[in-house]
Amino acid sequence: MTSFSSEAQTMSLMAFIAVITVTLLLCVMTGPDRDDLGDFYTGYRSLSPVQSGLAIAGDYISAGTVLGTIGIIALVGYDGVTLALSTVLSLVLMMFLLAEPLRNAGRFTIGDVFTRRLPGPAVRITTAAVTLTALLPLVIFQLAGAGDLLSVVLGFDSDGFKTGAIVFLGLLMIAYAAIGGMKGTAFIQIVKTVALLGASLAIAALILNRFDFSLPSLLDAAKRGSGAGDAYLTSGLQFGGNELDMISTQLTVVLGAAVLPQITMRMFTARSAAAVRRSMSWAVSTVVVTCLLIAVIGFGAAAIVGHQGIVAGDPQGKTAFLMVSQAVMGTDQTTVETLLFTAVATAIFLTLLASVAGITLACANTLAHDLITHGLRRKAQLKASAEMAIARTAAAVVGLVAIAIAAGARHLNLQALLTLSFCIGASAVAPALIYSLFWRRYSRTGLLCTLIVGSASAFILMAGSNLVSGSPQAIFPDQDFNWFPFTTSGILSAPLGFFAGWLGTVLYERDPADQRMRYEAVEETILAGTPAANSASAS
26 MTSFSSEAQT
36 MSLMAFIAVI
46 TVTLLLCVMT
56 GPDRDDLGDF
66 YTGYRSLSPV
76 QSGLAIAGDY
86 ISAGTVLGTI
96 GIIALVGYDG
106 VTLALSTVLS
116 LVLMMFLLAE
126 PLRNAGRFTI
136 GDVFTRRLPG
146 PAVRITTAAV
156 TLTALLPLVI
166 FQLAGAGDLL
176 SVVLGFDSDG
186 FKTGAIVFLG
196 LLMIAYAAIG
206 GMKGTAFIQI
216 VKTVALLGAS
226 LAIAALILNR
236 FDFSLPSLLD
246 AAKRGSGAGD
256 AYLTSGLQFG
266 GNELDMISTQ
276 LTVVLGAAVL
286 PQITMRMFTA
296 RSAAAVRRSM
306 SWAVSTVVVT
316 CLLIAVIGFG
326 AAAIVGHQGI
336 VAGDPQGKTA
346 FLMVSQAVMG
356 TDQTTVETLL
366 FTAVATAIFL
376 TLLASVAGIT
386 LACANTLAHD
396 LITHGLRRKA
406 QLKASAEMAI
416 ARTAAAVVGL
426 VAIAIAAGAR
436 HLNLQALLTL
446 SFCIGASAVA
456 PALIYSLFWR
466 RYSRTGLLCT
476 LIVGSASAFI
486 LMAGSNLVSG
496 SPQAIFPDQD
506 FNWFPFTTSG
516 ILSAPLGFFA
526 GWLGTVLYER
536 DPADQRMRYE
546 AVEETILAGT
556 PAANSASAS
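Position one of the sequence shown corresponds to residue 26 (the working numbering), numbered consecutively onward.
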């Protein structure tokens with residue numbers, strides 16, 4: 026167990042309490058009115074492009090991304106850097122390919138995007154199911170690691186404290202989502218992004234200063250500290266030389282990371298097509314800078330802490346950020362250095378809180394808007410106040426389910442859940458969005474085939490991967506029912522998702538001319554953007 030000075034732990038605890046107080050107050054002050062759906066779901070598109078861009082970056086840069094990527098870079102070098110680059114590339118593709126059409130076609134959720142041209146309750150219900158299947162594992166993964174993270178920072182190593190931390194953070198995320206809505210969680214994401222950038226910049230500067238701001242010197246020291254020698258800066262260390270496994274992982278991240286529903290819902294908060302372009306420019310720039318700083322910190326952890334020290338703290342390297350932060354400041358810390366470490370711990374804490382709150386809000390939105398309001402109810406339209414009450418209740422239900430599973434499974438290595446979310450994004454959500462926005466012939470049957478086959482194939486293939494069984498990093502390391510040779514499913518499940526959508530459309534296309542007419546009726550709205558883009562979509 027990594028230990029920090031009692032002064033740093035005390036200041037971190039005080040900072041955490043202050044952050045919780047301020048962010049809850051921020052949610053209350055910016056939260057929507059009781060019956061204002063537009064305010065709850067989109068914040069009435071009141072954010073500026075800079076604010077919206079920082080909020081998108083905040084949702085995109087999750088706690089798993091920050092801590093996990095730094096740990097991977099520290100342990101395996103080059104492969105971790107390519108993972109960070111794939112993360113950036115995914116958001117770049119979102120900016121150039123999907124951001125504007127999403128904003129133009131959608132209203133509150135991706136269910137609105139799909140039903141813009143392919144209405145029907147089956148589409149709404151399936152979309153809600155896929156959204157929950159993609160996002161619930163992600164929030165469970167981040168909550169389950171919260172107890173261990175806080176125990177490392179605060180010095181409480183008991184099982185009771187770790188479970189209590191999970192429950193407490195889970196209740197906080199429910200409060201943020203239910204009280205703050207889109208605008209409240211957006212401001213939390215903005216604060217988190219600024220805090221994380223500031224803390225990362227400070228630690229990266231201290232690391233570079235130790236090596237006289239010489240990147241070659243840092244990389245040479247990282248090679249020595251990694252214990253892998255020259256292999257540390259070459260491809261294949263993470264996957265044992267399996268190039269196809271590396272390609273599958275990169276493909277999954279590129280296609281799946283930026284299309285997850287907690288990211289796409291931010292597109293609907295932009296005031297106009299021009300605003301979404303500027304917002305995405307700010308988001309991409311922020312993510313690029315963050316990933317560069319993450320790379321420096323990861324190499325610094327390998328160089329200063331060393332492979333054995335990192336693995337001793339956590340086998341996956343999730344505490345590498347904290348460990349290198351302490352290492353560059355030394356054991357005899359001044360008040361300034363203690364404050365800096367507290368800032369780093371607070372930034373990580375904020376990242377965790379903001380990430381799970383955004384994901385919970387996305388789950389609540391799809392349950393209330395897609396499943397109940399438009400999916401299960403066929404006739405009478407719900408009042409705005411009733412739908413908002415359902416959304417807030419849904420946030421509580423999703424949060425409580427996530428808390429229960431995370432607390433019960435916190436002893437397990439849940440990396441497979443994070444990977445599963447990206448796989449579903451790449452295999453179901455990405456093909457469905459691309460086809461819906463750009464393919465004129467795409468039919469309702471094709472859409473349902475894409476969502477169902479893409480999600481099912483990702484789930485089945487991941488169940489047979491070495492992240493579930495047959496390896497030390499698996500959920501069940503003592504069992505071996507591993508039959509799928511890759512770490513991620515994207516190399517097979519993503520093509521299956523695209524193929525299923527094409528096949529379902531071609532084989533069950535009842536009236537091709539009608540499908541084209543349906544698309545042409547909304548084509549100008551989707552691709553160019555018109556005032557009609559803000560109107561309610563068909564259910």
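Honestly, the hints are just simulated from the structure, not real lab data.
Hints should not be assumed to be uniformly reliable.
Here are the simulated distance ranges between beta carbons [stated by the list, open to error]: (1) Tyr-103 x Phe-524: 30 to 36 Å; (2) Leu-528 x Val-75: 54 to 60 Å; (3) Pro-340 x Phe-181: 16 to 22 Å; (4) Asp-237 x Ser-496: 38 to 44 Å; (5) Phe-524 x Glu-268: 44 to 50 Å; (6) Asp-184 x Pro-146: 53 to 59 Å.
Predicted model, so just to flag it, every value in this text is computed and none were measured.
Quick reminder that beta carbons are idealized off the backbone N, C-alpha and C, glycines included.
Evaluation of the provided hints:
1. The given range of 30 to 36 Å is respected by Tyr-103 and Phe-524, whose C-beta atoms sit roughly 32 Å from each other.
2. Judged by the Cβ atoms, the range 54 to 60 Å given for Leu-528 and Val-75 is violated: they are separated by roughly 44 Å.
3. At roughly 21 Å, the beta carbons of Pro-340 and Phe-181 sit within the given window of 16 to 22 Å.
4. Distance hint check for Asp-237 and Ser-496: the Cβ-Cβ separation is about 40 Å, which falls inside the suggested range of 38 to 44 Å.
5. A hinted range of 44 to 50 Å is violated for the C-beta pair Phe-524 and Glu-268, which are about 23 Å apart.
6. Look at Asp-184 against Pro-146: about 45 Å separates their beta carbons, and that is not inside 53 to 59 Å.
Of the numbered hints stated above, those contradicted by the structure are hints 2, 5 and 6, listed in ascending order.
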